[in-house]
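Protein chains in written order, with my numbering: chain A, 9 to 439; chain B, 2 to 325; chain C, 43 to 210.
These are computed hints drawn from the structure, not numbers from a lab. Quick caveat: nothing in here was measured; it's all calculated off a predicted structure. Note that CB positions come from ideal geometry on N, CA and C, so glycine has one too. Check the hints yourself; a few may be wrong.
[Unchecked claim] For the chain A half of the interface with chain B, some residues (derived, Cβ under 10 Å), not all of them:
#, residue
1, A49
2, R206
3, P210
4, P324
5, F325
6, A329
[Unchecked claim] Using 27 Å as the maximum straight-line C-alpha spacing, the simulated DSS-like pairs for lysine-lysine come out as follows:
#, chain 1, residue 1, chain 2, residue 2
7, B, K271, C, K116
8, B, K166, B, K271
9, C, K85, C, K116
10, A, K350, A, K82
11, A, K177, A, K82
12, B, K166, C, K85
[What the hints assert, rightly or not] Listed next, the stretches of chain A that the computed footprint assigns to chain B, with coverage defined by at least 3 CB atoms under 8 Å from CB atoms of chain B:
#, stretch
13, 195–203
14, 234–243
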Amino acid sequence: MRLVIRHGRLIDPASDHDAVADLYIADGRIAAVGGAPAGFAAEREIDARGLVVAPGLVDLCARMREPGAEGALKREMRAALAGGVTGVVCPPDTDPPLDEPGLVRMLRQRSREAAGARLYPLGALTAALKGEVLAEIETLAEAGCVAFMQTRALPHDNGVLLQILRYAKTFDLPVWLRPVEDTLAGDGVAGAGAVAGRLGLPAVTALAETVALHTIFEMQRETGARVHLCRLSSAAGIELVRRARREGLRVTADVGVHHVHLTDVDIGYFDPDFRLDPPLRTQRDRDAIAAGLADGTIDAICSDHAPVGEDDKLLPFGEAAPGATALETLLPLVLKWGEAAKLPLAAVLARVTSAPARILDEPTGRLAVGAKADVVVFDPQAHWTVTRNELVSRGGNTPYSGYELVGRSMLTLVGGDVRFDRKSGSESNFR
Amino acid sequence: MTSESGRNPQLNRNGELHHLLSLEGLPRAIIERVLATADGFINVAEREVKSVPLLRGRSVFNLFFEHSTRTRTTFEIAARRLSADVFNLDITRSSTAKGESLLDTINNLTAMQADMFVVRHAASGAPHLIARHVAPHVHVINAGDGRHAHPTQGLLDMYTIRHYKRDFANLTVAIVGDILHSRVARSDIHALTTLGVPEVRAVGPLTLLPDGLEQMGVRVFTRLDEGIRGADVIIMLRLQNERMRGALLPSAQEYFRNYGLTPERLRLAKPDAIVMHPGPMNRGVEIDSRVADGAQSVILPQVTFGIAVRMAVLSIAASSQRMQ
Amino acid sequence: MIELDAEAVYRSLAARLREEVIGRDVRLVGVHTGGVWLAQRLKEDLHVAHEVGILDISFYRDDFSRSGLNPSVKPSSIAFDVEGADIVLVDDVLYTGRTVRAAMNELFDYGRPARIDLAVLIDRGGRELPVQPTAVGRRIEVPEEISVVLSRDDDGRLHLTLEQRRDI
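Pulled out of the complex, with its shape left as it was, chain A reads as follows (with noise of 0.2 Å):
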């Protein structure tokens, strides 16, 4: 199909580009910017005035819940589309685990047929996630997998750490690590500080992500592994991230959506909604993470989507599941963070595009020449209230539940192909 979206504010953080132009879409992939190519001749043209043309985004963490939950993955796919999400990284921490190369087939034909965003699962980087005994990670990469992840923290052994590097350095196949060192995490549910200890909830304290740092820098340093470090949380993390940089440490770094915003106040009455993981931290911890954001310490901003029933939040703080659901709340929140830093929109837009796409080092998160058409048009003026109804997701467990939020995507488009269109409603038939 040939398309070209007219008279938008196009920006590609990757080519610094930031100014009205057309984009001419042909077999799926960006014909032309600006003018028409030579014989153009389009089929559909859609008219953006007063609305953003960008990349689509790049989630680098969205639970898709399957294998896991029938018919879920089709679902969240809906909602990254409603949320301008074109390409979605999905964590091993399914039901059963992404462990074997059949269940990455199996999940990856479900994301084919189910024709949503773009689908990039990450491989279990130990068998069942245990932490104990690596994964076929070789094989699991043929299988299509981009990189490896421990999900919840480093494995409690250093010694299995240590091989689990060199081994990946071997096939030179990506880390990601949750910098968590789980003793030192214990049975923590909220932010270590005044407000835990007021609360009486049990606390995880910043030496649990700053100990683990320190042990993943020290082994990268002996093995030269590559690693993505997922969630960063605390001041003193984000400065051990900025010193292993300096130094020259293959190091990438990604921070949830959530965090940007809100604090361990924020839990106000042991609200459910604000229970994440990692927890909430202190008001410094997140001045750290905005400084982190604006010198690149930390490359992008994901939605660490995770999706819960009604039921599994309704409950004591300690007890409730942790997460929220972000793929549609993901780009009004990075606006947000945006216009409060006083950032140019395509340094904004650049956290959620072009960085995590060099991070998976795909060819994606650009408006190039020749580069698939994933595109969002997306109104950075719509307001809307953030309710139960006007989620696709699944999941409603949201700290911004009842909350007003700005920034909107209209239009979603993946390979060219219009799969999201706000104004015809075509996301109802999937709630």
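Chain A is already provided as a structure; the job is to place chains B and C on it using the hints.
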């Protein structure tokens, strides 16, 4: 962030006490009212008919998700002395895990005309969750949630202090022991600071002190001698068995050597200092028997006061108009 | 406008009550707060040997569901044994009779008295329950929206005032 989470969930729109979940953020006037009302109930126990008809026709359900005979019994006595109908539900973890969710249990009980739930739960914040989901006429009284709060114990501790010391304005109060895991300590701290006690101290080893004590208005001591020097009131906390061995503390013996209240140590406090303990005591661990049974100990009277204070809490909560 | 000289009305009450309790070993029980002042005066003037009992009827009122608990409850205190006692209940104003009903219920929770008489300073009529006083200082008629209030000044002198009710 959202408007709902900002409002104090214990008070109705008229500022009346509808639920009792925590002493934090409770207006001083309400705390003082509970203490004054409890005065009225103390004498009831000395009469032939030990009850008043105040809550006749009301149903009070004791929902204990965490086992406790003592607290449950005092609440039961308090409710019966108010002529309420009392129902005890010992809900262990296994029975909720088997099927009914916490909120399903609550809904079923409300359908049985429950007016008040007295709730004890191992998870901090459980009574808040329940209070958010009960019908507007139902009252929730927190009988202890995780490490967070034990508001009736806090109130009875204040009643005890008021009984022996009259005025809160010039006191030095030391709380000694496992503050980290103690809901009683947190409730006492909030009540003491609200009532204007100028010096509130926490005493314990670093492994048993939580973050944020200074922000709560507390002076922290790691040595018992310094912590109780010149104190008017010493509140000894119970050291739970699980804490006595392991990474937090090496042994009960070493704990007693450093933090046990002995007669010698007690002399460092004011001569008329009172010694309190929420019970049950571990003699020889946190407190020497000679102190526990000594002249300065007010541990037994605390029990009588406990019933009157709980009667006051139940009546005041029951008398508030609906939660809007 | 009715002229009420509280001290004069009190003297009438004391005289009438004196006749009623001749030869009896009565115990006076005052209902907070006005009844307690009156009971203390009567104890002196009638030479009653025993300490005056004090009742706060907040826990026995019949309007708890509607109006809630009295914001300032005071403790009741009866030092003598109510069982088999000859009691004179003393209150300042008798109106619907509900306060007296509550006071009697409370007394019975202390024990079973042999006899209860009622002494009131003012009987304003308007009974809603079958309660009758044994000795009255003065009977008056006042409109529903007016309340009759007893106060005591620093010198111990009693005063009666008529006030517009604020809760109607």
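Given hint K82/A paired with K350/A - CA-CA distance at most 27 Å: Since the Cα atoms of K350/A and K82/A sit roughly 37 Å apart, the hinted pair is violated (cutoff 27 Å).
The hint names A329/A as touching chain B; please verify it with the least Cβ-Cβ distance against 10 Å. violated, 13 Å
Close enough to count: is the Cβ of P324/A nearer than 10 Å to one in chain B? holds, 3 Å
Does the structure keep K166/B and K271/B at a Cα separation of 27 Å or less? Judged against 27 Å, a Cα distance of about 12 Å means the pair holds.
Interface restraint verdict for P210/A against chain B (beta-carbon cut-off 10 Å): holds, 8 Å
Count the residues of the stretch 195–203 of chain A whose Cβ falls closer than 8 Å to any Cβ of chain B, and tell me whether that reaches three. Result for this restraint: holds, n = 4.
Verify the interface restraint on F325/A: the C-beta must sit less than 10 Å from at least one C-beta of chain B. With a closest approach of 4 Å, the F325/A hint holds.
Could you check if R206/A really has its C-beta closer than 10 Å to a C-beta on chain B? Hint on R206/A: holds, closest Cβ of chain B at ~6 Å, below 10 Å.
Given hint K116/C paired with K85/C - CA-CA distance at most 27 Å: Measuring from Cα to Cα gives roughly 21 Å; hence the hint holds.
Does A49/A pass the interface hint, meaning its C-beta sits closer than 10 Å to a C-beta of chain B? violated, 51 Å
Agreement of K271/B and K116/C with the hint, judged by alpha carbon distance not exceeding 27 Å: violated, 32 Å
Given the hinted pair K177/A and K82/A, is their alpha-carbon gap at most 27 Å? violated, 34 Å
Comparing the model with each earlier hint shows violations of hints 1, 6, 7, 10, 11, 12 and 14; every other hint is respected.
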